[in-house]
Amino acid sequence: MAARLSLVEIAAHPDDNVHRIFESLNYTGQPLTQADLLRNYLFMRLPARGDHVYEWQWLPLQELLTDKQLEELVWLDLVLRGDDRATQEAIYQSQQQRLSQLPDEAAIEQWIVDLHHKARLFHKVLMPRNTPDPDLRQALGRLDRWGAAVVHPIALHILLAHEGGRLNSSEAAGALRVVESYLVRRMIAGIASANTNRVLMSLVKDLGEEVPSAKAITRALSGVRKKFPTDQHIRDAVLVSSFYWLGRGPQRSYVLRCIEEDYDHKEPVDFDTAKLTIEHVLPQSMTDEWREMLRPDLEDGETIQELHSSLVHTLGNLSLTAYNPKLANDEFQAKQKILRDSGLAMNREIADAPRWGREEILARGRTLADRIITIWPGPDESAAVTPATPRWSLMNQALACIPAGRWTSYSDIAEVVGVFHRSVAGRLASVQRPNAHRVLKIDGSVSAEFRWPDPARHDDPRMVLEAEGVRFDDTGRAAAEQRMTASELAREVGLDANGDNGTEDVGP
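Residues 1 to 508 in the UniProt record's numbering are what the sequence shown spells out, letter by letter.
The hints are simulated quantities; they were obtained by calculation from the structure and are not laboratory data.
Since we're looking at a predicted model, the values are computed, not measured.
Take these hints with a grain of salt, some might be off.
To be verified - Below 20 Å or equal to it, Euclidean Cα-Cα: the simulated EDC-like pairs (lysine to aspartate or glutamate) are: (1) K118 to E163; (2) K118 to D144; (3) K337 to E360; (4) K118 to D67; (5) K215 to D262; (6) K118 to D133; (7) K337 to D352; (8) K205 to E180; (9) K124 to E63; (10) K337 to E349.
Start from the sequences, fold in the hints, and give me the full structure.
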């Protein structure tokens with residue numbers, strides 16, 4: 001290796017700009033980080049003041065943030081200046097174009113001073129526990145536990161307003177809580193997160209010179225395209241959506257933690273040390289005892305499996321416990337004994353129920369929805385808000401994932417989409433969708449109500465499925481081993497289907 005090592009010595013004249021030389025040498029070599037390129041450009045523009053600015057501004061900034069965090073800060077600087085289309089992959093080019101318009105060293109130095117100021121505030125966003133103000137520490141800590149970097153632009157914008165005296169600590173914390181409400185409500189309502197980044201990036205620009213107060217942010221997020229779920233949307237979603245598959249594991253646990261904290265506690269639960277996990281009261285795997293408990297709740301034409309699928313992953317059936325493996329598929333009476341001794345108020349409420357079926361789960365869902373609405377206030381409902389609609393695009397994705405030789409059920413689709421199975425059947429009968437014939441009743445039989453969306457089509461769906469490789473028995477039921485379950489479909493469309501096997505820690 002030493003024989004192949006070449007050393008090059010470059011002698012620089014006192015008047016030479018070493019940063020320009022460095023930039024030229026690396027232009028076609030190993031790519032530098034965006035932060036490296038920007039630093040060298042800045043100090044190339046500071047021939048006289050470079051040493052002083054580096055020692056008193058840039059070095060402390062570098063010691064405060066990692067390279068990755070510094071690059072994000074430089075991107076945030078662009079966003080806060082109104083460039084809501086800036087990308088983190090091109091921050092050097094974007095900043096160089098902007099900085100090239102600054103006239104002299106004094107202007108470059110002032111920009112670095114401002115960046116250092118933003119860095120100190122950004123560090124509070126990243127490390128809330130180091131924030132001395134208790135109101136801000138709590139509000140920033142809640143956003144940090146939610147775990148979404150998408151909040152960084154508006155959070156930094158709010159802290160800058162607070163630092164500049166435009167918001168007091170309580171007002172700034174209230175503004176941050178609105179951002180949290182927006183994220184949590186969208187997750188609970190099952191709204192895809194694809195455009196959340198764009199909405200929150202644009203929020204800074206939408207606010208303009210207006211003080212980013214809770215009222216202003218609420219109004220800005222209440223527009224039709226912002227999809228801030230209303231109270232009624234939350235109440236509806238809690239009863240039908242498969243909450244256990246929404247968002248990420250830690251986010252689901254966070255929602256349940258906040259609900260529990262909303263109860264009156266003489267001695268608050270120490271969630272930071274408790275190893276709590278999400279528990280299905282009605283278990284994911286049915287037993288004979290649980291089937292018998294659900295049987296009286298069946299409606300005409302409904303199967304136990306369909307009823308189970310419509311309830312099992314909804315919020316009303318979920319809680320937090322340290323005894324998840326012990327509870328597992330135990331009958332309700334056995335779970336009651338453990339839940340009754342729990343330190344969590346929500347578990348003691350469940351233990352007080354005489355049984356655990358449809359009405360009990362839905363009633364608890366309504367109670368939890370009321371708490372959610374209180375904890376996370378919603379939009380300005382006087383503004384036009386996009387109505388909550390079933391996630392039919394998600395159903396279309398799920399249908400597209402069913403290959404030839406496989407089938408699924410209306411209940412499986414409903415469980416993934418977050419609607420009742422009858423809604424799926426009605427939708428497939430009225431709107432032409434690929435692979436609709438691969439959706440059967442939960443027992444594997446073709447529904448008597450099945451209709452091809454094309455009125456000119458009359459072929460037997462069973463014959464079509466058999467031609468594709470699905471096996472049917474003498475009673476007209478498709479082979480169970482060829483069924484795509486809700487969990488399989490959820491994974492195919494990118495939902496967190498049992499990603500953590502129900503063992504999401506609630507601690508930090």
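Here is how each hint holds up against the structure:
{"no.": "1", "hint": "K118 to E163", "result": "10 Å, holds"}
{"no.": "2", "hint": "K118 to D144", "result": "18 Å, holds"}
{"no.": "3", "hint": "K337 to E360", "result": "18 Å, holds"}
{"no.": "4", "hint": "K118 to D67", "result": "15 Å, holds"}
{"no.": "5", "hint": "K215 to D262", "result": "23 Å, violated"}
{"no.": "6", "hint": "K118 to D133", "result": "17 Å, holds"}
{"no.": "7", "hint": "K337 to D352", "result": "10 Å, holds"}
{"no.": "8", "hint": "K205 to E180", "result": "19 Å, holds"}
{"no.": "9", "hint": "K124 to E63", "result": "15 Å, holds"}
{"no.": "10", "hint": "K337 to E349", "result": "12 Å, holds"}
The structure does not agree with numbered hint 5 stated previously, though it agrees with all others.
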